[in-house]
Amino acid sequence: DTGVSQDPRHKITKRGQNVTFRCDPISEHNRLYWYRQTLGQGPEFLTYFQNEAQLEKSRLLSDRFSAERPKGSFSTLEIQRTEQGDSAMYLCASSLWGGGETQYFGPGTRLLVL
Amino acid sequence: AQSVTQLDSQVPVFEEAPVELRCNYSSSVSVYLFWYVQYPNQGLQLLLKYLSGSTLVKGINGFEAEFNKSQTSFHLRKPSVHISDTAEYFCAVTDMNRDDKIIFGKGTRLHILP
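The listed protein sequences derive, respectively, from chains A and B. In case it helps, the numbering used here puts the first sequence at residues 1 to 114. In case it helps, the numbering used here puts the second sequence at residues 1 to 114.
Treat the hints as calculated values from the structure; they're not laboratory data. There are no misleading hints in this set.
Here are the simulated SDA-like cross-link-like pairs (lysine to any residue), alpha carbons at most 25 Å apart as the crow flies:
| id | chain 1 | residue 1 | chain 2 | residue 2 |
| --- | --- | --- | --- | --- |
| 1 | B | 106 | A | 44 |
| 2 | A | 14 | A | 37 |
| 3 | B | 49 | A | 30 |
| 4 | B | 58 | A | 101 |
| 5 | B | 49 | A | 5 |
| 6 | A | 11 | B | 43 |
| 7 | A | 57 | B | 1 |
| 8 | B | 49 | A | 56 |
| 9 | A | 11 | B | 41 |
| 10 | B | 49 | A | 107 |
So here's chain A without its partners, still in its complex pose:
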């Protein structure tokens, strides 16, 4: 297995534009998580899926953010009308189940909003 992959690795956009990120989890993993990491901080939870169901969303996830996992495999995270404050590293992780199961992280997508 090649691990968790994310695309693109880097994205530069202008304020007000929409962006979409993709995450491909480890194939047999049921859980998929999105986190955001800003400079000098640890990752902050955004949302997670169990199979195709989105089970929890953080208050950090404003109405401009939407995530999907339509077939329980890959996931997309879309940010509409980007703002400079959205600049961050967006991390995806997957695990077999929850609880004490290890979450395996992808390399992240670094977003810069100008």
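Put chain B on the given structure of chain A with help from the hints.
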């Protein structure tokens, strides 16, 4: 709700010297505890985790951590560090009963001095 405090934002240490990275957590419920490492320009990788049982947990790359419930601590140690250990280290916690997201600390940057 849980929270994690990493007491040192940066730790400089000479090569081949021992190191301890401190982590304290706050929670009203039982938790699982994790240490993740992030090498420059890479995603997070699990070093070790405490789920139950022995309070001394051994991980990869010669790291170990000790769970101390009375002091709500989970400090990470290595007896002899190498240049290759230069990275950011994140302590994290998850609610054992909620079976969902991980809460991360802000990270400790380990600088290995030659």
